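Since the structure of chain A is provided, determine the placement of chain B on it from the hints.
Line order of the protein sequences matches chains A and B. Letter by letter, the first sequence follows residues 1 to 198 in this note's numbering. Letter by letter, the second sequence follows residues 1 to 184 in this note's numbering.
Worth flagging that the hints you see were computed from the coordinates, not collected in a lab. No experiment lies behind these values; they were computed from the predicted model shown. Treat the hints loosely; a few may be bogus.
Listed below are the simulated DSS-like cross-link pairs for lysine-lysine, each with C-alpha atoms no more than 30 Å apart in a straight line [said to hold, decoys possible]:
#, chain 1, residue 1, chain 2, residue 2
1, B, Lys175, A, Lys11
2, B, Lys179, B, Lys119
3, A, Lys88, B, Lys175
4, A, Lys130, A, Lys180
5, B, Lys134, A, Lys88
6, B, Lys179, A, Lys88
7, B, Lys119, A, Lys11
8, A, Lys88, B, Lys119
9, B, Lys134, A, Lys11
10, A, Lys11, B, Lys70
11, A, Lys11, B, Lys179
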Amino acid sequence: MNDSELNQLLKSAPTPPRSDEYWTDFPGQVTRQLNRPLRPERPAKNWLPRLAWAGGLAAVCVLAGFILGNKFGHTEMAGNGQSLQNEKLIHEVMAMFPNRVRAIVKDESGMQLVLSESEDVPTSTPLWVKVCRGNQCTTLVTFSGQELQIAGQKMTVLADSGGGVILTGDRFAWASDGSKSGAQDLKIQAKPIQMASR
Amino acid sequence: MLAENDEQELIRQSREGRAEAFTALVSSHQRMVHSLTYRMTGSVAEAEDLAQEAFIRAWQHLDSFQGSAKFSTWLCRIAMNACLNWRQRESRRGEVHETWANDAFSPGPDEGARAASGKLNEKVQAALNRLPVKQRAAIVLTVYEEMNHAEAARALGCTEATISWRVFSARSKLKRWLKSTDHE
Chain A
1 MNDSELNQLL
11 KSAPTPPRSD
21 EYWTDFPGQV
31 TRQLNRPLRP
41 ERPAKNWLPR
51 LAWAGGLAAV
61 CVLAGFILGN
71 KFGHTEMAGN
81 GQSLQNEKLI
91 HEVMAMFPNR
101 VRAIVKDESG
111 MQLVLSESED
121 VPTSTPLWVK
131 VCRGNQCTTL
141 VTFSGQELQI
151 AGQKMTVLAD
161 SGGGVILTGD
171 RFAWASDGSK
181 SGAQDLKIQA
191 KPIQMASR
Chain B
1 MLAENDEQEL
11 IRQSREGRAE
21 AFTALVSSHQ
31 RMVHSLTYRM
41 TGSVAEAEDL
51 AQEAFIRAWQ
61 HLDSFQGSAK
71 FSTWLCRIAM
81 NACLNWRQRE
91 SRRGEVHETW
101 ANDAFSPGPD
111 EGARAASGKL
121 NEKVQAALNR
131 LPVKQRAAIV
141 LTVYEEMNHA
151 EAARALGCTE
161 ATISWRVFSA
171 RSKLKRWLKS
181 TDHE
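So here's chain A without its partners, still in its complex pose:
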């Protein structure tokens, strides 16, 4: 079942019908109660610890949900970001958002999906990129031509005709053949991911 079929199925279940009389009366019912007190909003006390827990839990859930939900229990989630090279994972995410996936990013806060507003990301070979500044690393899968914020810098990721990867930023350029200019504080690795099928 694809997205469009799911939408069709969901929409094929209408809400229960109501009588014309109900729709005629409802606005009046609301108007008659405009000055009644409402049930109080949720109290705001103790929100900081809750927020901290919720944030931590959400990060864990997103990561776990992403991996487990997509049946990648076997995939190692060690800090080297090898999971992002999993072909099945990439295929499934791309299938869910055809031509909208700009990047799948993994950093210390977990995994994130960067999507384009419209289906304007051309189909091409996925590129695996790892950028480290000190001990902080960001690993991602993206596609040639995408401009992304990585390790605090805006970078454009490009594939060259020889199967290499080039990263360019405001004040640096890096290529997988070893050439580098600027950004001495960054350690970069990148390579195309060879997919068995597209």
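Same frame as chain A, now just chain B:
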């Protein structure tokens, strides 16, 4: 549906306390709000109460409507918050949903009869009820209200990326749960 200018005028008059103008706004958006509250609760009665509550909250907070988003998006946000708050207040509801969802999905002797009798609505709503509430909200807004991810993010007060994740996750589950329904 009201023309945008008419709607702006009704909002202006409502802010001045003219209830009849607000009645016209309710009339214009009542079906959308009822649909949203029903999808979120799976209960006709609760949907009515929450729709009413949402409109009353909207009346009381009209001054906070800036006009940067569509009135319907702002209203959706209020209705959605009413549903989410209701979920917290009525925690027992989770048990009701769980029971309903389990009944709807457990294979049994009536499975064939269920398919034959075409209880599609029940099965779809049960699948929605089975989703975590925030994922359900994301599906309700993006599928039923046909909002794009940016609008849904505004309505739910979260980032677009969060909406994308919730929709992605919810779709995966719904496809799995409704797989058999697809062929009925």
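message: So if I understand the rule, the pair passes when the alpha-carbon distance is 30 Å or less; does A/Lys11 with B/Lys179 pass?
response: Roughly 15 Å between the alpha carbons, so the hint for A/Lys11 and B/Lys179 holds.
message: With the threshold set at 30 Å, check whether the alpha-carbon distance from B/Lys179 to A/Lys88 stays at or below it.
response: holds, 21 Å
message: Please verify whether A/Lys88 and B/Lys175 have alpha carbons no more than 30 Å apart.
response: holds, 18 Å
message: For a C-alpha distance cap of 30 Å, please report whether B/Lys175 and A/Lys11 respect it.
response: Since the Cα atoms of B/Lys175 and A/Lys11 sit roughly 14 Å apart, the hinted pair holds (cutoff 30 Å).
field: Hinted pair B/Lys134 and A/Lys88, Cα distance within 30 Å
entry: holds, 27 Å
query: Is the straight-line distance between the alpha-carbon of B/Lys179 and that of B/Lys119 30 Å or less?
result: holds, 15 Å
- prompt: Given the proposed pairing of A/Lys130 with A/Lys180, does the C-alpha separation stay at or below 30 Å?
  reply: Roughly 15 Å between the alpha carbons, so the hint for A/Lys130 and A/Lys180 holds.
task: Would you mind confirming whether the straight-line C-alpha gap from A/Lys88 to B/Lys119 stays at or under 30 Å?
output: Distance ~35 Å between A/Lys88 and B/Lys119 Cα, so the pair is violated.
task: Verify the proposed pairing of B/Lys134 with A/Lys11, using a straight-line Cα cut of 30 Å.
output: holds, 19 Å
message: For a C-alpha distance cap of 30 Å, please report whether B/Lys119 and A/Lys11 respect it.
response: holds, 14 Å
message: With the threshold set at 30 Å, check whether the alpha-carbon distance from A/Lys11 to B/Lys70 stays at or below it.
response: Satisfied, since the Cα-Cα distance of roughly 23 Å is no more than 30 Å.
Going through the hint list in order, the structure does not satisfy hint 8, though it satisfies all others.
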